[in-house]
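Engineer: Using the sequences plus the hints, can you model the full thing?
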Amino acid sequence: MKRPEGVAAPSVASPSAARPPARRPSRSAPATPGSRTSSATSASTIAGTAAGTIAGTIAGTAAKPKPVAPPSSPPARTRVPSRESEARAAAKARKRYERLEVKRFTRRARRRRTGWFVAMMVVGAVGGLVALAVFSPLLALRTITVQGTSRLDPATLEKAVDGQRGTPLALLNYEELTRDLAPFSLIRSYSTEIIPPDTLVIHVVERTPIGAIQGADSFDLVDPAGVTIESSKVRPVGYPLIQLADGRLSGPGFASMAQVLLALPPAVLSKVDTITAQTHDDVTLTLTGSDQRVVWGSSADSDAKAQVLADLIALHSGSGAGEYDVSAPGTAVFHRD
Numbered sequence: 002m003k004r005p006e007g008v009a010a011p012s013v014a015s016p017s018a019a020r021p022p023a024r025r026p027s028r029s030a031p032a033t034p035g036s037r038t039s040s041a042t043s044a045s046t047i048a049g050t051a052a053g054t055i056a057g058t059i060a061g062t063a064a065k066p067k068p069v070a071p072p073s074s075p076p077a078r079t080r081v082p083s084r085e086s087e088a089r090a091a092a093k094a095r096k097r098y099e100r101l102e103v104k105r106f107t108r109r110a111r112r113r114r115t116g117w118f119v120a121m122m123v124v125g126a127v128g129g130l131v132a133l134a135v136f137s138p139l140l141a142l143r144t145i146t147v148q149g150t151s152r153l154d155p156a157t158l159e160k161a162v163d164g165q166r167g168t169p170l171a172l173l174n175y176e177e178l179t180r181d182l183a184p185f186s187l188i189r190s191y192s193t194e195i196i197p198p199d200t201l202v203i204h205v206v207e208r209t210p211i212g213a214i215q216g217a218d219s220f221d222l223v224d225p226a227g228v229t230i231e232s233s234k235v236r237p238v239g240y241p242l243i244q245l246a247d248g249r250l251s252g253p254g255f256a257s258m259a260q261v262l263l264a265l266p267p268a269v270l271s272k273v274d275t276i277t278a279q280t281h282d283d284v285t286l287t288l289t290g291s292d293q294r295v296v297w298g299s300s301a302d303s304d305a306k307a308q309v310l311a312d313l314i315a316l317h318s319g320s321g322a323g324e325y326d327v328s329a330p331g332t333a334v335f336h337r338d
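All residue numbers for the sequence shown refer to the working numbering, where the first residue is 2 and numbers rise by one.
Careful: at least some of the hints might be erroneous.
Subject to a maximum C-alpha distance of 25 Å in a straight line, what follows is the list of computed DMTMM-like cross-link-like pairs (lysine to aspartate or glutamate) [as the list claims (entries may be wrong)]: (1) Lys272 with Asp221; (2) Lys160 with Glu177; (3) Lys234 with Asp224; (4) Lys272 with Asp282; (5) Lys160 with Glu194; (6) Lys272 with Asp304; (7) Lys272 with Glu231; (8) Lys272 with Glu207; (9) Lys96 with Glu85; (10) Lys234 with Asp247; (11) Lys160 with Glu207; (12) Lys160 with Glu231; (13) Lys234 with Asp154; (14) Lys272 with Asp292; (15) Lys272 with Asp302; (16) Lys160 with Asp199; (17) Lys272 with Asp326.
Simulated from the structure, these hints should not be mistaken for lab results. Model, not experiment: these values are computed from the prediction.
Structural biologist: As structure tokens, then:
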């Protein structure tokens, strides 16, 4: 291949030719006076910089305080207790325990004594109050009041029990009070009430008369028990005449008549003139101011018979002589004579 003229053939580069040539230290030329001054100046500058750096480092190090270590304390010595010290400690603990036990025991004893003392004080106070109520003249009987009487005179009853005035209310003799009131047959029952400090109230229930019984020379007003309430020469007004077949108040006839009279309403009772019975089953009544009579029969169912009889009398009171028959339960008729 022909190359153009003037063009050289490429040369093959060797490895050594590719590397740049190494620089060899050049030998300085002998210094001149001017060059010496420049070198000295550079040396002094380097020396100043190094001195400043070293001085700053030394100053910073000196300014930072160093921690001070605490002084080391000497190691503690371990004290081994001796037998004598152990014995003294045990004795002290024993005494302390004994003192605590003594305090605990004495505390219980004090509480027990306090309880007994309080109980004795309460008992003493109650006993004193009882003694005051029993024996003190401040609570003695001074006023006697009688209530519930209509036929009896209250002043007479108060005078009868006057013997117990001045007696303490807690010591009143009720048996003596009963004996004082026994002569008054009109009293069916009584009860007492104490009003402190000095008052006794007697509540009296008087006997209720149901009819009169004709005796030899008087009329006796009696109650359902046959007790004579009062006697008079004339027949009491407003009460039926009780006719006893055998003359005995304890017989069956009187008990039946008393039961019938107690069952009659007041309006009907006031119209009854006489009542008679020989047994429990043959009670008969006659009415006042007319010839009418009532066949009652047995005293059983007296309340129902009394109500039926009241209705019959309201219907036939003006019908003249006749007979009301209420002896059969559930049946009531009026028979004209």
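Engineer: For each hint, tell me whether it holds in the structure or not.
Structural biologist: For each hint, the structure was consulted:
1. Lys272 with Asp221: holds, 20 Å
2. Lys160 with Glu177: holds, 14 Å
3. Lys234 with Asp224: holds, 18 Å
4. Lys272 with Asp282: Given pair Lys272, Asp282 holds - Cα atoms ~22 Å apart, limit 25 Å.
5. Lys160 with Glu194: Roughly 18 Å between the alpha carbons, so the hint for Lys160 and Glu194 holds.
6. Lys272 with Asp304: Answer holds: Lys272 to Asp304 is near 17 Å, not above 25 Å.
7. Lys272 with Glu231: Answer holds: Lys272 to Glu231 is near 22 Å, not above 25 Å.
8. Lys272 with Glu207: Holds, at about 24 Å.
9. Lys96 with Glu85: holds, 17 Å
10. Lys234 with Asp247: It holds: about 22 Å lies between the C-alpha atoms, which stays within 25 Å.
11. Lys160 with Glu207: Measuring from Cα to Cα gives roughly 18 Å; hence the hint holds.
12. Lys160 with Glu231: With a Cα-Cα distance of about 21 Å, the restraint between Lys160 and Glu231 holds, given a limit of 25 Å.
13. Lys234 with Asp154: Roughly 22 Å between the alpha carbons, so the hint for Lys234 and Asp154 holds.
14. Lys272 with Asp292: holds, 12 Å
15. Lys272 with Asp302: Between Lys272 and Asp302 the Cα gap is close to 21 Å, so the pair holds against 25 Å.
16. Lys160 with Asp199: Given that 25 Å is the threshold and the Cα spacing comes to 17 Å, the pair holds.
17. Lys272 with Asp326: holds, 17 Å
Going through the hint list in order, the structure satisfies each hint without exception.
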